[in-house]
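Student: Assemble the whole structure, with the sequences as input and the hints as a guide.
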Amino acid sequence: MKAAGTVTPVAAEAGAAPVGAGTSGSLELRHITVRYGRGRSAVTAVDDVSLEVPAGRVVGLVGGSGSGKSTLGRAAVGLVPITAGNVLVDGVDQGRRPGRRPVQLVFQDPFASLNPRLSVGASVAEAVPREDRARRAEEVARYLDLVGIDPGMSTRLPHALSGGQRQRVALARALAARPAVLVADEVTSALDVSVQGAVLNLIRDLQRELGFAMLFITHNLAVVRYLADRIAVMDRGVLVEEGPAGQVLEDPEHEYTRALLSGVPRIGEPLPESAGAEGAKTAGAAGAASGTDEGTETGNR
Numbered sequence: 001m002k003a004a005g006t007v008t009p010v011a012a013e014a015g016a017a018p019v020g021a022g023t024s025g026s027l028e029l030r031h032i033t034v035r036y037g038r039g040r041s042a043v044t045a046v047d048d049v050s051l052e053v054p055a056g057r058v059v060g061l062v063g064g065s066g067s068g069k070s071t072l073g074r075a076a077v078g079l080v081p082i083t084a085g086n087v088l089v090d091g092v093d094q095g096r097r098p099g100r101r102p103v104q105l106v107f108q109d110p111f112a113s114l115n116p117r118l119s120v121g122a123s124v125a126e127a128v129p130r131e132d133r134a135r136r137a138e139e140v141a142r143y144l145d146l147v148g149i150d151p152g153m154s155t156r157l158p159h160a161l162s163g164g165q166r167q168r169v170a171l172a173r174a175l176a177a178r179p180a181v182l183v184a185d186e187v188t189s190a191l192d193v194s195v196q197g198a199v200l201n202l203i204r205d206l207q208r209e210l211g212f213a214m215l216f217i218t219h220n221l222a223v224v225r226y227l228a229d230r231i232a233v234m235d236r237g238v239l240v241e242e243g244p245a246g247q248v249l250e251d252p253e254h255e256y257t258r259a260l261l262s263g264v265p266r267i268g269e270p271l272p273e274s275a276g277a278e279g280a281k282t283a284g285a286a287g288a289a290s291g292t293d294e295g296t297e298t299g300n301r
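Under UniProt numbering, the first residue of the sequence shown carries the number 1, and numbering increases by one thereafter.
FYI, nobody ran anything at the bench for these hints, they're computed from the structure.
Some hints could be false.
[To be verified] Label pairs and their computed distance ranges (CB to CB): (1) Asp90 with Arg208: 14 to 22 Å; (2) Asp192 with Glu250: 28 to 36 Å; (3) Gly91 with Gly152: 36 to 44 Å; (4) Gly246 with Arg208: 30 to 38 Å; (5) Arg208 with Asn86: 26 to 34 Å; (6) Glu255 with Asp90: 34 to 42 Å; (7) Arg40 with Glu138: 33 to 41 Å; (8) Thr33 with Ser262: 28 to 36 Å; (9) Arg135 with Val92: 27 to 35 Å; (10) Glu255 with Ala122: 46 to 54 Å; (11) Thr155 with Phe111: 16 to 24 Å; (12) Arg208 with Gly37: 18 to 26 Å; (13) Ala122 with Val43: 32 to 40 Å; (14) Asp192 with Asn115: 42 to 50 Å.
Ideal placement from N, C-alpha and C gives every residue a C-beta, glycine not left out.
Tutor: Listed below in structure tokens is the structure:
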């Protein structure tokens, strides 16, 4: 097993595709609208949002509670129905593409996202593409190793793992599907602050090593500054600002972005292992600016 935050190429078995093969693609969200309910009771969680994640790049999607950022991420993966708009991967409309989508989601809560009755190995094995299932055990072992989990732990159930280990398993499962695009939704916010930095380092290193595109969703600008090439900011279902990370962070145009940035460390300062502490302050400022409350978010997170 490798040390946390260290990624080394995994030797492929004879005839096996190398880890990361086929994982370069672009994601385009065109005029996405998501509404819950009907008639006068309908709630618009995402309102005509267009956003592109270029191949091999990381776009940070930032916003406070109720901003619609998580709903947009789930729409990209196909987990919530889209009222209007299109999701395209490498120019192909995913609404017209049969079979498994080439976009995978890593959830906020790794314990809730893993089947408690399935072993770690079985959870990862479910994601292995059909053409690789003859060597499923080898695929499981190398993806667990890739995320820093000892393959010997593959028989354990999720409850026997720490929060950080469960999130690594969830990441291994997503990567085992060989996605063109990875959507990471608040992937460290449910973890102890002592392990948040290590998981972020791992995600950053894997993205750079394997080259997949990533939509990284967070309320924490201290984190997105560390990972993203571009930053998009959402408030109450609308995209209010988008641009190169340095530009958005150093010279924000929208007042909501400025509220999010209050109290965030300057560029050049190291990211602490406990990156979540800054995020709590940031989310509070954002909630105050938009009239939302961090503890009352429901479906349109």
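Student: Given the range 16 to 24 Å, decide if the beta-carbon distance of Thr155 to Phe111 lies inside it.
Tutor: Because 18 Å falls inside the window, the suggested range holds.
Student: Given the hint of 28 to 36 Å, is the C-beta distance from Asp192 to Glu250 inside that range or not?
Tutor: Since the Cβ atoms of Asp192 and Glu250 sit about 31 Å apart, the hinted range of 28 to 36 Å holds.
Student: CB of Gly91 to CB of Gly152, is that within 36 to 44 Å?
Tutor: 42 Å, holds
Student: For the hint 32 to 40 Å, verify it against the beta carbon of Ala122 and that of Val43.
Tutor: Holds, since Ala122 and Val43 (Cβ atoms, about 37 Å apart) stay within the stated range.
Student: Mind checking the hinted window 28 to 36 Å against the Cβ distance between Thr33 and Ser262?
Tutor: Since the Cβ atoms of Thr33 and Ser262 sit about 30 Å apart, the hinted range of 28 to 36 Å holds.
Student: Look at the Cβ atoms of Arg135 and Val92 and judge whether their distance stays inside 27 to 35 Å.
Tutor: 28 Å, holds
Student: Okay, Asp192 versus Asn115 on CB: inside 42 to 50 Å?
Tutor: Because 23 Å falls outside the window, the suggested range is violated.
Student: Cβ-Cβ distance between Gly246 and Arg208: within 30 to 38 Å?
Tutor: Given about 18 Å between the Cβ atoms, the range is violated.
Student: I want to verify a distance hint. Is the separation of the beta carbons of Asp90 and Arg208 within 14 to 22 Å?
Tutor: This hint holds: roughly 20 Å between Cβ atoms.
Student: Taking the Cβ atom of Arg208 and the Cβ atom of Asn86, is their distance within the range 26 to 34 Å?
Tutor: Because 29 Å falls inside the window, the suggested range holds.
Student: Measuring from beta carbon to beta carbon, are Glu255 and Ala122 in 46 to 54 Å?
Tutor: Holds, since Glu255 and Ala122 (Cβ atoms, about 49 Å apart) stay within the stated range.
Student: Is the gap between the beta carbons of Arg208 and Gly37 within 18 to 26 Å?
Tutor: 42 Å, violated
The structure fails hints 4, 7, 12, 14 (numbered hints given earlier, in ascending order).
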